[in-house]
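A.B. asks: Sequence:
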Amino acid sequence: MKGFIADLVVLNAEVSSYLQPLHELIRETVQTHQLNDVLDSPGGIFLRSINQVAPEDVQLLQAVARVTLRGDGGPLATQIKYPAPESLPEAKQFRERNQSFLSRETPEKLQFANGYGGFSADGSEYIIRLRSYNNTPAPWVNVLANPEFGTVVSETGLGYTWAGNSRENKLTPWSNDPVSDPPGEVLYIRDEETGVVWTPTPLPVRNKHTYTIRHGAGYTSWEQHSQGLGQELTCFVAKDAPYKLLTLKISNTSGLQRQLSCTYYLRPVLGVSDEITHPHVVSEYEDGVLYFRNPYNGDFPDQVGFVGASTSPMSYTGDREEFIGHGGNLARPLGLTRDRLSGSTGAALDPCGALQVGLKLAPGEEKALVFMLGKAKDKAEARTLHRDYCTVEAAQEALEAQKQFWRQLTATLQVQTPDQSLNLMLNQWLLYQTLCCRIWARSGFYQCGGAFGFRDQLQDTMNLALIKPELTRGQILLHAAQQFEEGDVQHWWHPNTGNRGVRTRFSDDRLWLVLAAIEYIQRTGDYSLLEEEVPYLTAPPLSGDEDERYGVPEVSGKTESLYQHCLRALEISLQFGEHGLPLMGSGDWNDGMSTVGNKGQGESVWLGWFLIHILRGFAPICQKRQDEKLAETFLAHADKLLAAIEENGWDGQWYRRAYFDDGTPLGSAENQECTIDSLAQSWAVLAGGDEERARLAMSAVEDYLVRRDAGLVLLFTPAFDTSNLEPGYIKGYLPGVRENGGQYTHAAVWVINAIARMGKGNMAWELFHMINPVNHTRTKIECATYKVEPYVVAADVYNVQPHVGRGGWTWYTGAAGWLYRVGVEEILGFKKRGERLYLNPCIPRDWSGFELEYRYENSIYKIEVQNIGRVKQGVKEILVNGKPSEYVPLQANAGENTVLVRLGTN
Numbered sequence: 001m002k003g004f005i006a007d008l009v010v011l012n013a014e015v016s017s018y019l020q021p022l023h024e025l026i027r028e029t030v031q032t033h034q035l036n037d038v039l040d041s042p043g044g045i046f047l048r049s050i051n052q053v054a055p056e057d058v059q060l061l062q063a064v065a066r067v068t069l070r071g072d073g074g075p076l077a078t079q080i081k082y083p084a085p086e087s088l089p090e091a092k093q094f095r096e097r098n099q100s101f102l103s104r105e106t107p108e109k110l111q112f113a114n115g116y117g118g119f120s121a122d123g124s125e126y127i128i129r130l131r132s133y134n135n136t137p138a139p140w141v142n143v144l145a146n147p148e149f150g151t152v153v154s155e156t157g158l159g160y161t162w163a164g165n166s167r168e169n170k171l172t173p174w175s176n177d178p179v180s181d182p183p184g185e186v187l188y189i190r191d192e193e194t195g196v197v198w199t200p201t202p203l204p205v206r207n208k209h210t211y212t213i214r215h216g217a218g219y220t221s222w223e224q225h226s227q228g229l230g231q232e233l234t235c236f237v238a239k240d241a242p243y244k245l246l247t248l249k250i251s252n253t254s255g256l257q258r259q260l261s262c263t264y265y266l267r268p269v270l271g272v273s274d275e276i277t278h279p280h281v282v283s284e285y286e287d288g289v290l291y292f293r294n295p296y297n298g299d300f301p302d303q304v305g306f307v308g309a310s311t312s313p314m315s316y317t318g319d320r321e322e323f324i325g326h327g328g329n330l331a332r333p334l335g336l337t338r339d340r341l342s343g344s345t346g347a348a349l350d351p352c353g354a355l356q357v358g359l360k361l362a363p364g365e366e367k368a369l370v371f372m373l374g375k376a377k378d379k380a381e382a383r384t385l386h387r388d389y390c391t392v393e394a395a396q397e398a399l400e401a402q403k404q405f406w407r408q409l410t411a412t413l414q415v416q417t418p419d420q421s422l423n424l425m426l427n428q429w430l431l432y433q434t435l436c437c438r439i440w441a442r443s444g445f446y447q448c449g450g451a452f453g454f455r456d457q458l459q460d461t462m463n464l465a466l467i468k469p470e471l472t473r474g475q476i477l478l479h480a481a482q483q484f485e486e487g488d489v490q491h492w493w494h495p496n497t498g499n500r501g502v503r504t505r506f507s508d509d510r511l512w513l514v515l516a517a518i519e520y521i522q523r524t525g526d527y528s529l530l531e532e533e534v535p536y537l538t539a540p541p542l543s544g545d546e547d548e549r550y551g552v553p554e555v556s557g558k559t560e561s562l563y564q565h566c567l568r569a570l571e572i573s574l575q576f577g578e579h580g581l582p583l584m585g586s587g588d589w590n591d592g593m594s595t596v597g598n599k600g601q602g603e604s605v606w607l608g609w610f611l612i613h614i615l616r617g618f619a620p621i622c623q624k625r626q627d628e629k630l631a632e633t634f635l636a637h638a639d640k641l642l643a644a645i646e647e648n649g650w651d652g653q654w655y656r657r658a659y660f661d662d663g664t665p666l667g668s669a670e671n672q673e674c675t676i677d678s679l680a681q682s683w684a685v686l687a688g689g690d691e692e693r694a695r696l697a698m699s700a701v702e703d704y705l706v707r708r709d710a711g712l713v714l715l716f717t718p719a720f721d722t723s724n725l726e727p728g729y730i731k732g733y734l735p736g737v738r739e740n741g742g743q744y745t746h747a748a749v750w751v752i753n754a755i756a757r758m759g760k761g762n763m764a765w766e767l768f769h770m771i772n773p774v775n776h777t778r779t780k781i782e783c784a785t786y787k788v789e790p791y792v793v794a795a796d797v798y799n800v801q802p803h804v805g806r807g808g809w810t811w812y813t814g815a816a817g818w819l820y821r822v823g824v825e826e827i828l829g830f831k832k833r834g835e836r837l838y839l840n841p842c843i844p845r846d847w848s849g850f851e852l853e854y855r856y857e858n859s860i861y862k863i864e865v866q867n868i869g870r871v872k873q874g875v876k877e878i879l880v881n882g883k884p885s886e887y888v889p890l891q892a893n894a895g896e897n898t899v900l901v902r903l904g905t906n
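Here the numbering used here is used: the first residue of the sequence shown is 1, the next is one more, and so on.
By construction, these hints were calculated from the structure, which means they are not laboratory data. A hint or two may mislead.
[What the hints assert, rightly or not] Straight-line Cα separation of at most 27 Å, DSS-like style, residue types lysine-lysine; simulated pairs:
hint	residue 1	residue 2
1	K640	K599
2	K558	K239
3	K208	K109
4	K780	K831
5	K239	K360
6	K883	K831
7	K403	K468
8	K403	K239
9	K876	K831
10	K876	K468
11	K629	K558
12	K624	K831
13	K760	K876
14	K377	K360
15	K239	K377
16	K468	K624
17	K780	K208
18	K599	K629
19	K403	K249
20	K403	K109
21	K367	K208
22	K360	K249
23	K249	K367
24	K640	K624
25	K624	K109
[What the hints assert, rightly or not] Pairwise CB distance ranges (calculated):
hint	residue 1	residue 2	range
26	G882	G904	52 to 62 Å
27	T779	G474	36 to 46 Å
28	A784	S556	47 to 57 Å
Heads up, the beta-carbon is just placed ideally off N, CA and C, and yes, glycines get one too.
With the sequences and hints as input, model every part of the structure.
C.D. replies: Written as structure tokens, this is what we have:
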């Protein structure tokens with residue numbers, strides 16, 4: 001067909017019989033045209049009897065076909081004409097109401113108010129007010145999720161939703177458009193008397209009155225008063241089920257009888273992208289529920305997406321063109337100019353879901369409606385979820401359960417310090433960002449990854465071990481199962497896809513498994529983790545010229561204890577180059593440095609520090625298991641590696657970052673670009689390098705990488721740009737953006753960690769305070785520079801004019817967990833080791849003290865830290881329930897306990 005390759009499927013509908021004249025005629029026609037060689041071949045002809053094809057497969061063929069011709073449809077010229085539209089409901093006749101309504105606004109005092117919003121009095125909500133088309137500088141979003149289902153919403157609307165995998169199985173579209181922020185879902189309200197259509201969210205129908213948006217842990221609400229109606233829309237995801245609920249409360253303040261309709265619209269995806277899936281999505285309506293299937297979704301082939309409401313719908317449609325109109329848009333949907341929706345569903349439509357319900361309100365009356373969007377294994381399960389949970393009462397209970405979950409989780413540790421911006425982040429927002437977004441959703445506005453990153457989620461759960469140790473344990477075992485028999489691991493993989501992921505030559509990934517096990521055992525004392533049996537993956541190793549391979553490995557028949565998994569990870573990592581440093585492979589922590597060592601000779605100084613830290617941490621575990629010889633071997637490797645770094649990694653005033661395959665140093669004074677990199681300096685402290693050199697190295701970090709004028713801690717400087725150095729894809733970023741010479745917040749937090757370890761309380765707090773997003777958004781002017789959300793951490797902050805200080809990707813960053821941990825453990829000095837709690841703060845000298853409340857196994861520990869002597873570090877005395885102690889013994893069911901910590905010198 002003029003160069004186009006297509007399959008031609010001929011479905012023969014003649015009645016089954018011994019003689020099949022029509023079938024034979026078709027076959028003879030094929031033979032006459034000498035087409036036998038393309039029968040049953042891709043791009044060829046497929047002859048099938050419709051009686052031998054399952055009805056659902058016939059429907060599938062109709063859904064995916066680009067052209068469908070019928071034997072009884074007349075000549076070809078007739079059938080290829082654009083079909084006349086089916087009869088649609090008539091346009092609705094409306095009348096004007098000669099009455100205007102005033103909007104209302106209830107002011108509320110906010111913390112850190114900046115002209116766009118601020119924190120609620122208790123810090124549990126970030127409240128945004130949009131007035132007269134005043135918009136936030138970028139989308140300020142919330143991530144709402146449980147381990148298997150979630151949605152991302154913004155201040156302007158309902159965003160997108162997924163089930164099982166936030167990339168591979170979107171239920172509605174993800175936009176990643178920070179300019180227009182188009183929603184994949186919309187709730188419309190129509191006045192049935194006047195025909196006025198609006199939305200309770202600022203988009204897609206925007207009005208001049210004030211919108212109040214509340215982002216909280218597990219929910220977001222949009223409030224407004226317009227059209228003589230108070231409106232509150234609340235969106236949340238069930239705590240432990242695959243659906244989300246929209247609760248719309250409307251109060252009639254107009255003094256008139258009001259007749260409204262509410263229409264929930266969405267664009268169904270059921271896959272990666274609606275551009276790919278829309279020809280395959282089939283809709284169906286039954287008993288008040290609108291169902292969607294995509295049989296072409298290979299990873300989730302049997303799932304059913306569904307939409308329902310708490311009251312019986314008055315109309316519905318599965319036809320997007322009918323609802324929006326040809327060439328129309330979501331701000332003016334054509335379907336809402338008609339009396340009702342047509343009820344069109346089935347295959348071969350441009351799919352949508354639109355469910356319309358009616359609502360009558362007497363003067364002064366308030367009513368609530370609930371809409372549900374969910375995923376089920378089949379229609380029966382969907383019906384059950386809709387019947388049991390899509391009611392006003394059930395929605396109220398589900399919302400309270402969600403709020404209660406987060407209240408209890410964050411109540412595990414509460415802090416009260418002289419720095420309220422630190423309190424806000426430690427008491428809720430960093431925990432929420434890490435667990436809800438990083439671990440459960442694995443998605444945000446700027447990235448919908450869906451996959452587990454081997455190093456990524458291990459770090460996230462390591463940093464939550466104080467709050468949810470069982471989560472850390474489970475994540476360690478999950479990641480161990482992604483290790484190959486050779487000891488290397490998948491860099492990332494998609495759950496629910498049969499371990500589909502990428503195998504790489506990244507040199508640090510596998511070591512995070514060992515560190516996570518070390519830290520989990522330190523914090524819990526649970527050595528039984530090491531006995532857990534976990535299988536390996538198996539696949540052909542990467543060939544000499546392969547840096548990575550994407551595929552689906554098999555689960556090996558080999559199963560070993562987690563202890564053995566850790567040993568394999570360590571053994572494969574004990575490979576060193578000519579400078580005695582670990583081989584870098586196709587990247588270490590910095591993925592973008594992908595060609596520094598991918599030829600097999602390049603070495604990483606940072607990886608050397610990291611490996612020393614892990615070898616020294618794992619040796620005591622070996623000793624605990626009576627593996628004395630192995631412990632000695634690991635400690636000897638650590639000592640030898642330390643000597644190699646001090647001999648070949650020191651550059652004179654700081655440590656080098658790496659060596660290229662050809663031996664050229666990186667992160668050296670002799671480099672025009674990437675002269676100094678923070679990683680090798682901060683980890684010199686964290687891994688226990690030479691104290692004097694570590695002090696000099698961190699002094700260089702302060703001199704070259706800390707930009708107090710812009711509130712930045714840079715990853716390295718200068719950025720890669722025009723020099724002959726070719727470190728990898730990192731050079732493809734604009735200079736000063738992301739890892740290429742901007743603030744990469746993950747590494748900035750490690751700098752703070754190192755400074756606190758050195759006992760520099762003033763500077764540790766100063767830098768924490770400086771990179772805290774609350775303090776980048778205190779005024780409207782600061783917001784205009786930083787642009788992104790004040791309540792979550794950004795992965796990166798730009799260091800290039802005219803965008804210095806602009807926030808990059810938010811939400812989906814491991815920096816959140818590290819910032820929480822450094823704030824709690826290093827600055828406030830709160831370190832749990834088994835059933836002992838050690839307290840050794842490193843705080844600013846001018847703090848008079850602070851308070852902590854820790855809940856452990858039904859016991860409460862109220863801790864007061866007094867700094868009467870105005871020191872930065874040093875514990876003079878600890879009193880537990882009035883008795884001196886070196887630490888706080890933790891006991892279950894011990895009631896309320898008081899702990900007094902006095903700082904000072906003995």
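A.B. asks: Now look at each hint and say whether the structure bears it out.
C.D. replies: Here's how the hints hold up against the structure:
Between K640 and K599, the direct Cα distance comes to roughly 24 Å. Compliance with the 27 Å bound is thereby established for this hinted pair. Distance restraint check for K558 and K239: the Cα-Cα separation of roughly 36 Å exceeds the 27 Å cut-off, and the hinted pair is therefore not satisfied. For the hint pairing K208 with K109, the CA-to-CA distance comes to about 22 Å; that is within 27 Å, so the pair holds. Using a Cα cut-off of 27 Å, the hinted pair K780 and K831 is violated, with the two alpha carbons roughly 38 Å apart.
The straight-line distance between the Cα atoms of K239 and K360 is roughly 31 Å, outside the 27 Å bound, and the hint therefore fails. Between K883 and K831 the CA atoms are separated by roughly 20 Å; this keeps the pair inside 27 Å, and the hint holds. For the suggested pair K403 and K468, the alpha carbons sit about 17 Å apart, so the restraint of at most 27 Å is met. A hinted pair counts as satisfied when its Cα atoms are at most 27 Å apart, and K403 with K239 qualifies at roughly 9 Å.
Among the hinted pairs, K876 with K831 is consistent with the structure: their alpha-carbon atoms are about 17 Å apart, no more than 27 Å. At roughly 31 Å between alpha-carbon atoms, K876 and K468 are farther apart than 27 Å, so this suggested pair is violated. Distance restraint check for K629 and K558: the Cα-Cα separation of roughly 25 Å lies within the 27 Å cut-off, and the hinted pair is therefore satisfied. The straight-line distance between the Cα atoms of K624 and K831 is roughly 22 Å, inside the 27 Å bound, and the hint therefore holds.
Annotation: proposed proximity of K760 to K876 holds, straight-line Cα distance about 18 Å (limit 27 Å). Between the alpha carbons of K377 and K360 the distance comes to roughly 35 Å, so the proposed pair goes past 27 Å and is violated. Straight-line distance between C-alpha atoms of K239 and K377 comes to about 18 Å, which keeps the hinted pair within the 27 Å bound. Distance restraint check for K468 and K624: the Cα-Cα separation of roughly 25 Å lies within the 27 Å cut-off, and the hinted pair is therefore satisfied.
A C-alpha spacing of about 20 Å is found between K780 and K208, which places the hinted pair at or below 27 Å, so the restraint holds. Under the criterion of a C-alpha separation no larger than 27 Å, the hint pairing K599 with K629 is inconsistent with the structure, at around 34 Å. Between K403 and K249, the direct Cα distance comes to roughly 18 Å. Compliance with the 27 Å bound is thereby established for this hinted pair. Restraint check for K403 and K109: satisfied, since their Cα atoms lie roughly 22 Å apart, inside the 27 Å limit.
Under the criterion of a C-alpha separation no larger than 27 Å, the hint pairing K367 with K208 is consistent with the structure, at around 25 Å. Taken as a hint, the K360 and K249 pair is honoured in the structure, with Cα atoms around 13 Å apart against an allowance of 27 Å. For the given pair, K249 sits about 6 Å from K367 by alpha-carbon distance, which is consistent with the 27 Å threshold. In summary, the hint linking K640 to K624 is supported, as the alpha carbons are separated by about 23 Å, within the 27 Å threshold.
Distance hint between K624 and K109 is unfulfilled; the C-alpha atoms sit about 56 Å from each other, more than 27 Å. One distance hint, 52 to 62 Å for the beta-carbon pair G882 and G904, is violated here, with the actual separation near 19 Å. The given range of 36 to 46 Å is respected by T779 and G474, whose C-beta atoms sit roughly 43 Å from each other. A784 and S556 have their C-beta atoms about 54 Å apart, which keeps the hinted 47 to 57 Å range intact.
Hint compliance for this structure: hints 2, 4, 5, 10, 14, 18, 25 and 26 are not met, and every other hint is.
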